[in-house]
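Chemist: Listed below, chain by chain, are the residues.
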Amino acid sequence: MTTGAPKLDMDRIIDDRRTRIIVCCGSGGVGKTTAAAAIGLRAAERGRQACVLTVDPARRLAQSMGLTSLDNTPRQVDGVDTAGGGSLYAMMLDMKRTFDEIVEAHADPDRAAQILANPFYQSLSSSFAGTQEYMAMEKLGQLRHADEWDLIVVDTPPSRSALDFLDAPQRLGRFLDGKLIRLLTVPAKAGMSYMKVLNAGFLMMTNVLTKILGAQVLKDASTFVTAFDTMFGGFRERAEWTYRLLQAPGTAFLVVAAPEPDALREASYFVERLDAERMPLAGLILNRVHVSPAARLSAARSLAAAETLDMYDGQDAPDGRSGPRYGLAAAVLRMHAERMNLGKRERRLAEHFTSAHPAIPVAEVVAQPEDVHDLDGLRVIGTILSRQSP
Amino acid sequence: MTTRDTDWDGVRLHVVTGKGGTGKTTVAAALALALARAGRRVLLIEVEGRQGIARLFDCPPLPYGERKVALGLGAKGAEGGDVYALAVDPEGALLDYLEMFYNLRRAGKTLTRMGVVDFATTIAPGLADVLVTGKATEATRRRVDGRTSAHLYQAVVMDAPPTGRIGRFLDVSTEVSGLAKVGPVKTHADTVARVIRSPQTVVHFVTTLEEMPVQETLDGIAELQELTQGSIRPGGIIINMARPAMLGAADLAAAASGSLDVAELVVGLKAAGISDNHGLAADLMTELKEHALQVAMQNRERDELLTAGLPHYELPMIPDGIDLAGLYQLAAKLREQGAA
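For the record, the sequence lines run as chains H and F.
Those letters in the first sequence? Residues 78 to 467, per my numbering, in order.
Those letters in the second sequence? Residues 13 to 352, per my numbering, in order.
No lab work stands behind these hints: they were computed from the structure.
Computed footprint of chain F on chain H, listed as stretches where at least three residues anywhere in the stretch have a Cβ under 8 Å from a Cβ of chain F:
#	region
1	133-145
2	293-300
3	373-380
4	407-414
5	443-450
Which chain H residues stay away from chain F? Per the calculated CB distances, all over 12 Å, these:
#	residue
6	Gly81
7	Pro83
8	Arg152
9	Asp171
10	Glu181
11	Arg188
12	His222
13	Asp352
14	Glu428
15	Ser463
Think of the CB as a built atom: it goes at the ideal place given N, C-alpha and C, for glycine as much as any other residue.
Work out the full structure: start from the sequences and follow the hints.
Modeler: Structural data, given as structure tokens:
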């Protein structure tokens, strides 16, 4: 499938030593994890010290990369060709553990224990809404800071909106600056006398909150926020650092999409957001594209031929000999017509995208007949990504 | 309403989950159409703020309010019932909750302004979940008016969060009791939980015949069972976007192993007036082999799904993309197979 878009030069990106972070983003179920793993592997085999940070890999793919245990530390992947001097590490994000580690690292033992036991902390650290994004960004920051790898490839969490991770730092900031936080920290900070100077709105709010949530919930929340208070600054600082890191020239964003309306709509939205946030977008990976090795036979002609064969099939010759059977050929022609139509529809969808974003380089990956779950499969994807014929 | 039994007679709240990319919203919408037989009213609820329902039904973004979006799938040649849709967000649900139980709408607006809703979704996602599921269960229980016992909606279909999150999302009382041991939110959560754990609620799993969605479906079913000790009923497995096999099993097996006779194809092509230029037949054979491998993979994944022992339904890939006509097609398939 060819569209008018420029071709994405994947090898140029991974061979450029200045590229330090590659972020694969896109909506759920489009093959982000596979793309990230394939890029990491190819980079390693071309001499980079690569680390793949993944969030939710398919079980067999994870196994093939040696990711059997969730220990939140990058592990070296076996079976990688290291002749070029590169290496591949991979890790699967454990968000609760990442969060716990931050708490343990930034609070004294007593306070850390208090935070870890708080019901609000437990709810926050093990839920999926937003926390995974904070933690993916936090881990990315940590890995980059450790400076043990010269290329980190991240696969973003399969969140409701693929952009949640970009919003994580701001959301944290908005939350921390919120009046609610100040309200909740008041009693512990200054006692009830301070409450008096607060306006009536605050008091009404406390009343309403107590009424709805119950006094215990409010007390737990207040304990949590107070205990957490000293750490918030550090949180925000690191989140902002990571955010700036993402904007830096050493980062390359790759938007991954399948040629389906929802995925491409999300990709469009993503591209616009990245632009608005001044994040460096390297290109679009259009995954699972259907092409035919026999594309010279059009869908229309193929279908017409199948119908012709239906008429001839089994028709006995005038001399009484039984006629030929064309069932196989007719079925193959129908299958081909369907494949061609699917390809045509995908091309039209891709053209919607490329006409709206004509300058964005695109790499197409043809649909594989089976799921990728070993290094060889990843190598095939890596090769396809890098051989985009002009 | 016909008298024919369906697999889910007596079920009034259908929760639809699935991995991202499997067409969960599409299937939820098709199920709502299928359930809306003549004379029935069905509510389709979306909880993730993506406005996917509005897009499917080709109408402007849904406000926080129930609105009629389509006519259901009728019996042959007849009109169906009514399908209403609602997009729930935690903020709207919170305001609703405050108004309904405390008559506190204005205070609710203040809470929103002061970041309480951010607070709920950031610090205590369990609270947001209970508000959202609370809205769905409220609609399920709602009566036409105070004088009759007839329900306003004969069925409610919820386009729920993805499989990875569904267990927690539905297990509201546990989620909330971690935060609130007593108090009004706890009481509310218990009411919601009673509906969700009753026989009138089931959770359907949407999947495609691919490795990861299938694995996630099986994991999701197991997790639901484990989290709720079987008190939340799994419903059916709805296989979406299945690609039909275009050849018989024997031919496909031969194609996959490469033992199919190219000569037979060449003869057929020639009879149809297509010459075997530049190895066209060989290329078609390559394509056929890919098709055979894909069908084989689909069969393996289907067998894997059946180990869950749940009723299952299969929906074909709609080649031209999903529009309203496509939705009715899928609804008809669901009804044919007894899902509605």
